[in-house]
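There are 2 protein chains.
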Amino acid sequence: LNMQLEKIQVWPDRDDVFLQAYFQEEIPQIEQGRTRAAVLILPGGAYLYTSDRETEPVALRFAGLGFHVFVLRYSVFLKSGQRLPDWSPRSIDFTQVNPGSAYPGPLADLAQAMNRIREQAGRFRLDPERIALCGFSAGGHLALSMGVHWNSEFLQNLVPAAGGPVRPAALILGYPLTDILSMRQAMRSLGPEDAARIDFWHLFCLAFFGQPDPADAELAAASPARHVHADVPPSFIWHTAEDATVPVAQSLSLAQALAGAGVPCELHIFEKGPHALSLADESTAAAPDQLNPAAQAWFGQAAAFLRRHLPLFADPS
Amino acid sequence: LNMQLEKIQVWPDRDDVFLQAYFQEEIPQIEQGRTRAAVLILPGGAYLYTSDRETEPVALRFAGLGFHVFVLRYSVFLKSGQRLPDWSPRSIDFTQVNPGSAYPGPLADLAQAMNRIREQAGRFRLDPERIALCGFSAGGHLALSMGVHWNSEFLQNLVPAAGGPVRPAALILGYPLTDILSMRQAMRSLGPEDAARIDFWHLFCLAFFGQPDPADAELAAASPARHVHADVPPSFIWHTAEDATVPVAQSLSLAQALAGAGVPCELHIFEKGPHALSLADESTAAAPDQLNPAAQAWFGQAAAFLRRHLPLFADPS
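Going down the list, the sequences are from chains A and B. For what it's worth, the working numbering labels the leading residue of the first sequence as 1, then goes sequentially. For what it's worth, the working numbering labels the leading residue of the second sequence as 1, then goes sequentially.
Careful: at least some of the hints might be erroneous.
[Claimed, not checked] Not the full set, but computed from the structure, chain A residues with beta-carbon under 8 Å of chain B: (1) R53; (2) C265; (3) L312.
[To be verified] Derived list of chain A stretches under chain B, where covered just means 3 residues or more per stretch with a C-beta under 8 Å from a C-beta of chain B: (4) 54-61; (5) 173-179; (6) 283-293.
[What the hints assert, rightly or not] Computed list of chain A residues with no C-beta within reach of chain B, every gap over 10 Å: (7) E25; (8) V97; (9) H229; (10) P247; (11) G260.
By construction, these hints were calculated from the structure, which means they are not laboratory data. Treat the numbers as computed from the prediction; the structure is a model and nothing was measured. Cβ coordinates follow ideal geometry from the N, Cα and C atoms, glycine included.
With the hints as constraints, model all of the structure from the sequences given.
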């Protein structure tokens, strides 16, 4: 009796884009012929890299609730774990970047990953309509992008869904980047003392738009908070008020948009703590300020939200 | 980046006794050269079998907190998943039983399993002094037996510890069987209407003492609650007041004994619920009465207890 770990490549010709799957072993007396729900985790990293702190530790936490779990390593700009000394465009080695990280590349990865999961459905008593997306930071951007575009012509032209569009069952968004256009607007009021922040913005734009200074229309098109509609999945959002990387204002605006569209929504803003807390406990803390007992509550709150919107077991549809 | 699942045989010549290991993958920025604590899970099953409901789902829950986790399948009476139609000695096929399940056989298995884990310590940055035991029902009996005997001459003669006796770092005991003698005393007041319960008692005695009617002295020797001393590890106990299999009185008496000996102790008695709730949630419920939101709290309380007595990371000793 033990879980199965599998690496599932998303595209035949791309080694860098893959799912790490954690399939639960069936215990027949518990499973009783029902299907088991799944959570697909999207780590953050500003589309420059994917952050290990938001992968396996989070996957195991959801596996501990009984879900099948997947972690998607999607297209990012910097190859093979490269880190930049000063996170500015000046330090990039352009022979070591991946143009596939530009929008909507990562969204295409996610759509195809969901096709791949659907192929496994019979083998593991999975139901493709019972998969929640859990994204952090840029991964939250990716999750919400799927949440708003899952039934769009745009996405069906990009990567057709094998058996027709599938709505994610729920979204769990941790300190998500959801409104890129508002980031640029905030940049405009910065002065020379904010040079490092401005550098990072241009680096992010290079990664995600293929150029350091994209037009407002491009930023708006890639800002999923601006495209919310009534068929967006039930969404759980958490953020810290002190977040200096993705302003908490984005999550407040997103909750406004969801409430306005009648989408079931839960929002928790914790007072203290920097960006990228992940589980906010010992298992993911790489620095003292990433240990945050108050913010740790998000996981239990998200589990309760999932229990309402995505029961662990259901009769096959 | 992914965890490693390994099956570790405990004795060279015994296929039925093994550890299922869930080794956490090291994330260097989190690990920072420190050792990672572990939890060793002992499922219940009256020494007749080991209950799947108390193995992997619980292991993944602790893995979700960041611990290395082990599940021990120790010696039990019935071979290869055999289940008895009426749980009485009359239905046993004596060609299909394992005499190694008699006390102290399973305790020897556990002691040797801890030796085997110690052999892996360097490979996975484990510290053999930082392993908690988490046992359910009969597995709780086994955990507490190690908790009281770890530094005894008795255990050192039975299975010498490779580098000297090692104290478990903490005990997590779910509806534990801890006082077998008191069970027999309760049996004496039963009448003919309790025939099924009396049958089960004799079956358990066959499994654990090799005879249906052992002497009081044998029962007392194998009742760890009667052997508590000051060097028993910090102990967390939970039980339901309605438990009709292992009376809650045993956990109350155990807590009395621990308090008397000055052992740090935490006890939670939930009002409702049958024996063997395991996680008490959807992931382990095989029947409606095994879903119990109030009792689900035990896991979070145990996690907080471990955080105090067994921090996830520590500098190498």
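Results for each hint:
Below 8 Å, beta-carbon pairs count as interface contacts, and A:R53 has one with chain B at about 7 Å; its hint therefore holds. Checking A:C265 against chain B: minimum C-beta separation of about 23 Å lies over 8 Å; hint violated. With 8 Å as the threshold, the beta carbon of A:L312 comes within range of chain B, its nearest partner Cβ sitting at about 4 Å, so the hint holds. By the rule of at least three residues with a Cβ nearer than 8 Å to a Cβ of chain B, the coverage given for the stretch 54-61 of chain A holds, with 5 such residues.
With 0 residues carrying a beta carbon less than 8 Å from a beta carbon of chain B, the stretch 173-179 of chain A misses the three-residue requirement, and the given coverage is violated. Counting residues of the stretch 283-293 of chain A whose CB lies closer than 8 Å to any CB of chain B gives 4, which reaches the minimum of 3, so the coverage claim holds. A:E25, annotated as away from the interface, has a beta carbon of chain B within 10 Å; the closest lies near 6 Å. At the 10 Å boundary, the C-beta of A:V97 stays outside the reach of chain B, the nearest C-beta of that chain being 22 Å off.
Remark: the non-interface label on A:H229 is consistent with the geometry, its nearest Cβ contact in chain B lying 31 Å away (cut-off 10 Å). For A:P247, the non-interface assignment is confirmed: its Cβ lies about 25 Å from the closest Cβ of chain B, beyond the 10 Å cut-off. Consistency note on A:G260: stated as away from chain B, and its beta-carbon is indeed over 10 Å from all of that chain's, at 33 Å minimum.
In the structure shown, a violation is registered for the earlier hints numbered 2, 5, 7, in ascending order.
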